[in-house]
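Hey, can you work out the whole structure from these sequences and the hints?
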Amino acid sequence: MTTAEDTGLVEMAWDPITRIVGSLGIYTKIDFKQKKVVECHSTSSIFRGYSIFMKGKDPRDAHFITSRICGICGDNHATCSVYNQNMAYGVRPPHLGEWIINLGESAEYMFDHNIFQENLVGVDFCERMVGETNPGVLELANRTESPHAADHGYRTIGDIMRSLNPLEGEFYREALQVSRSTREMFCLMEGRHVHPSTLYPGGVGTTATIQLFTDYLTRLMRYVEFMKRVVPMHDDLFDFFYEALPGYEEVGRRRADMVCWGSLNDPDHCDFRYDHMTDWGRKMFVSPGVIRDGQLLTNDLVEINLGIRILLGSSYYEDWEDQ
Amino acid sequence: MATARSSEAESSAGGGDEPLVHILWMNGGLGCDGDSVALTAATQPSIEEIVLGALPGLPKIAVHWPLIDYECGPETGADNFIEWWHKADRGELDPFVLVVEGSIPNEAIKDEGYWCGFGNNPATGQPMTTNEWLDRLAPKATAILAVGTCATYGGIHAMAGNPTGAMGVPDYLGWDWRSKAGLPIVCVPGCPIHPDNLSETILYLLYQVAGQAPMIPLDEALRPTWLFGATVHEGCDRAGYYEQGDFANEYGSPKCLVKLGCWGPVVKCNVPKRGWINGVGGCPNVGGICIACTMPGFPDKFMPFMDEPPGSKVSTTASTMYGTVIRTLRGFTAKTADEEPKWRKRGDELLTGFKKTW
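Going down the list, the sequences are from chains A and B. For the first sequence, the numbering used here gives the first residue as 1, with consecutive numbering after it. For the second sequence, the numbering used here gives the first residue as 1, with consecutive numbering after it.
It is possible that some hints are incorrect.
Stated by the list, open to error - What the simulated footprint calls covered on chain A by chain B, stretch by stretch (three residues with Cβ under 8 Å from a Cβ of chain B suffice, anywhere in the stretch; the number is not a length):
| id | segment |
| --- | --- |
| 1 | 66 to 76 |
| 2 | 109 to 120 |
| 3 | 297 to 305 |
Quick caveat, the hints were computed from the structure, so don't treat them as lab data. Every residue, glycine too, gets a C-beta built ideally from N, C-alpha and C.
Shown next as C-alpha cells:
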C-alpha cells in the first residue's frame, strides 16, 4: 500500500486472490476521499499455452486435453470440445448420450453454484468477516429477525452469518456436503470430477441403466429440498445488507453487456450441423444471446460466432494468414 | 482458514503446549487448481475433519490454502494471505508442510518474463516465481507434498511441444531430495488427484509429523505404496470380461474397454476400486477409458488416447482364444446355477430327500 503525495491515490494490490480458482491478482489505485476506485487491473500469474502444445496432436484427444485448462469447470471445456468435434466429424450422438451430458452439466452447475455461493463468496458475509470489518452491521444483524426464519431455520440475520463461518459454521459445512453430493451426481453421468472420463466425440461411455438414473434422481430431490431453504436464506441475508449498508446495491453495477453461447442441447433439434446452427442454437435449454446496454441484439448462434474477434493488436496471438 | 484465527498468537508464543503444524499450499505451478478442488470433495477424511481435529492424535494445524482461505486482505495490509509465505521464508514458521500444485517450469530458458509466479517479492515489487518459492522454502520445509500429476511428474503442461520446459517437483529438486526431517518428496499423482487419496496422504503425513506414524511407505516414483501398488485392471470390475475375451466395441457397453483405448492393464491407480467420490464414478468401471493420468509417462506415452493400446492387441487375442472357451463352459454351469432344485414345488409328495425317523 503506497500513497502518492500529489494525487492522493492509494495503490492497493491483492495477489494472489483467495477463494477463487486460478492464480489471479488485482491491482488498484483508490481515491479514498472520493470513495472511488480510479484504476483497476487484473492479472494472471501463470502461463497456459494450450493452443501451443495441442498443435499436431490427434484431434480425437482434444477434449481430454482442454479439460485440463480449468480445475473447477474442466468438464465445460471438455463438453465444448466434444461439441466441436461432433460438428467437425459430422456426427450426431444418440439422444441418450446427449441427455447424459445435459444431466452431467446440470449437476456441475448445481455444484458450482453451491461451492461458489456458500463456501467461497459466503465467507464474505459470515459473522467473523462482518464482525472484523463492520462490527455495527453485525450488531444490527444480531437484532434483526429473519423474515423467512420459518423456511430456513435461522432466527436472526446474525444466526445466518454465524452459520456461514468457514468450516465451523453449520450451514457452511452442510453446503460443503451438498457440493459433494452434487459432484456424485456429476460423476454418475461423466465418471470423474473435474476432468470427465466418459465423454467422447459422438456420445458417452456411461453405461445407462435404470440404477444410474435412480441414483441421480434421489440425489437431485435431496438437492431440491436443500435449495428450498437456501433461496429464502439468501434473500434474507442480502436484503439485510441492502438495508444496512446504503449504497451497497451499487456494488457491481455497470453497463449490462453480456454474451452467452447457450448450453444444454435439445437432442430433438441439435444435429451438430453448422447450416442448422441458428435453429438448434435457439432450441438449447439455455439459449444463446448477445446483450448490449441491456438490449438483446441477437440470439442467433451463427451471428454470435461470426462476431467473435481476437484483437491482434492487444493480444499475444498472430494473424493466421500465411500460417 | 478457521484455525488461522488463533494461530498467529500461538506460533509467536513458541507454540504453547501443542505444536502448531502449518500447511502452506502453493497452487502457483502450471496447473488448473483441480487438486485443490478435489480436496473439497474428500470425505475419508474430509478437509473439515482434518482442520477441526476430528480424528484422534492429529496435531493442531493451520492451513494456508488459496482456494477457500478466509484471509483476503491487500498486500502489506491486514489479513494478508501471502504474508504466511514470507514468514516461512524468514524461518518464522516451524514446522510446516509445503504442498505444491501445478508443474514447475524452466525459468532458465528465456531472457525475460516469467512462466508462473505466486504473489510478489516485497524487496523488488516484482512477481515471485514459483521456482524461487521452491528454492527458498524447500530447505525449511518439514515435508513437501506434490499433489496431482502436474506437480509430481509434469503432466499435461509438460507434454511434447510445450514451450515452458515444465517438469515435476522431483525433476526440479532432484529425485533423491530429502527434507530437513529426512522425508523424500511425497507424490500423489492423478489428473486431477483422487480426493481421498489426497486427504488420506495429508492425514498420514500429519500423523508422521506428530510422531504417531512411521516413515510413509513410498515406491520408486515416490507414490504411497498402499494407494498405487495395484493396476487399474487389477481393481476393475470389468476385468472379468477381459478374462472371458469379451470386449466393448461401442460406447455405453458394460464390457472391458481395452479395445476402445483403455490403458488400465498397465496403469498404477486405485480409482476403479475406490470410485471417484464416496464410491460413485471412476473411469473404466463406469465406461471411461483409462488415459493413464496418474503415470509419469502421461500424457505422451498413451496418446492417441482414443486408439487401442498397441500392446493390448497381443494380450486380447490370447484372452479371446482362452476366454471364448471358458465363457462357453461357464455358460453351461451358469444355466444349471440359474435353476432351482427340482423339489421346490406343490404336490402330494415330498421330494427333498428327507427320511422320516419316527
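What hints, given by number in increasing order, does this structure fail? 3
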